[in-house]
Amino acid sequence: MKERRQVITIATGKKLYVDFAVNLARSFFLWHTGEDINFQLVTDLPELVPRELLAKIELITTGKGEIGEGFSPKLHLDKLISDGHTLFIDSDCLIYRNLDFVFEQFRGHHVSVIGNYICKGEWFGDVAGICTYFGIKEIPKFNGGIYYLESGAVVDNVYAEARRIEKIYDQAGFVRLRNRPNDEVILAVAMQLNQQVALPEDGSIMAEFVNFRSGIKSNLFQGVAELYNTPQHRDYVREWPLTVAKPAIVHFLGHHNQMMPYIREAALLANIVSGSKAFKKRMMVQLTVVIPHLVGVGLKNLLRPMYHAFFGARKIRKSERIID
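Here the numbering used here is used: the first residue of the sequence shown is 30, the next is one more, and so on.
Careful, some of the hints might be misleading.
[Claimed, not checked] Label-pair ranges, simulated between beta-carbon atoms: (1) Asp129 x Asn248: 12 to 22 Å; (2) Lys149 x Glu76: 43 to 53 Å; (3) Met289 x Arg80: 39 to 49 Å; (4) Lys246 x Lys43: 27 to 37 Å; (5) Lys149 x Phe58: 39 to 49 Å; (6) Gln251 x Gly94: 22 to 32 Å; (7) Gly283 x Tyr146: 41 to 51 Å; (8) Ile165 x Arg209: 22 to 32 Å; (9) Asn127 x Glu81: 15 to 25 Å; (10) Gly94 x Phe163: 26 to 36 Å; (11) Phe130 x Thr161: 18 to 28 Å; (12) Ala84 x Gln200: 45 to 55 Å; (13) Lys166 x Ile301: 40 to 50 Å; (14) Phe130 x His284: 42 to 52 Å.
Because the hints were derived from the structure by calculation, they are not lab data.
Note that the Cβ used here is the ideal one computed from N, Cα and C, for glycine as well.
Generate coordinates for the entire structure from the input sequences, incorporating the hints supplied.
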């Protein structure tokens, strides 16, 4: 019997997350046209999912707040996954090539991530203190843009442990993110307590902009994604061992999903759905998305010193990601 494989994402609480998930799903179907890997979308806003996707995806509807808010929904993946092999991908990611090799690399791991092990320093709290509190020597440090799960008792144990840790988050010495418990450090400890191992980071599966700050080359439709951490660049991250990544998945976390190249790729994906021809599609996106965005950014940078001189700094706007 063929193994069941699925990609799952969560989009709850706000339209913003559904919009991200729609872009993720559309990028998935660029590279997966058969039924070897299913796409599952968990949401409490099913009415916002475009009709064109409903025939392709498995929609899992949940009640408002049923699986928590903020980062907490990721601590309930054991309740959401199907039998077999599941790759959770954050909704603000895009997929640049077929994911068969990702499932193969993770095969045999009950719960896994991509990361490197740390025993000291700061990562949403003092790592040495957290390890001492839980009686462990080290934890995997990773970006929670993806999680891999193979259904079974080990998954159940890890996630039950994670939900227990969430209840003592502050007591254990963790630091909150956007005033909420962070899923990454919780699951890092839960994995370690249950002897689950991370895959080493090599830049082939997923990359993001925390460690790669020197730029990105992106052409979603040609399957090109390269992120850079260039030693000569002013934003070079010295402690990060990789200088370039060519990932299958790019995590456009934080403000990066409001910038190029994400907004260009999202617009091109939307144009595919409308049936636009390739040349016309790219020209329209250039004229209606790329050029206005670049002009807007340029004008803001040019006029910002003058604005500050006359009116002072503006009050920082509350992030749309923050859930009250």
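Now for the hints, and whether the structure bears them out:
The beta-carbon spacing between Asp129 and Asn248, approximately 21 Å, falls within the hinted interval of 12 to 22 Å. With their beta carbons about 48 Å apart, Lys149 and Glu76 fall inside the hinted range of 43 to 53 Å. The given range of 39 to 49 Å is broken by Met289 and Arg80, whose C-beta atoms sit roughly 29 Å from each other. Roughly 30 Å separates the CB atoms of Lys246 and Lys43, a value that falls within the hinted 27 to 37 Å.
A hinted range of 39 to 49 Å for the beta carbons of Lys149 and Phe58 is consistent with their spacing of about 43 Å. At about 41 Å, the CB distance of Gln251 to Gly94 disagrees with the hint of 22 to 32 Å. In this structure, Gly283 and Tyr146 break the distance hint of 41 to 51 Å, their C-beta atoms being roughly 25 Å apart. For the hinted restraint 22 to 32 Å between Ile165 and Arg209, the CB-CB distance of approximately 23 Å keeps it satisfied.
At roughly 21 Å, the beta carbons of Asn127 and Glu81 sit within the given window of 15 to 25 Å. Checked against the hint of 26 to 36 Å, the C-beta distance between Gly94 and Phe163 comes to roughly 28 Å, which is consistent with it. Checking the proposed 18 to 28 Å range against Phe130 and Thr161 shows it is violated: the Cβ atoms sit about 38 Å from each other. Checked against the hint of 45 to 55 Å, the pair Ala84 and Gln200 passes, with Cβ atoms roughly 47 Å apart.
Range check, Lys166 to Ile301: about 49 Å between beta-carbon atoms, so the 40 to 50 Å window is met. At about 30 Å, the beta-carbon gap between Phe130 and His284 misses the expected band of 42 to 52 Å.
Checked against the numbered hints given earlier, this structure breaks hints 3, 6, 7, 11 and 14; the rest are met.
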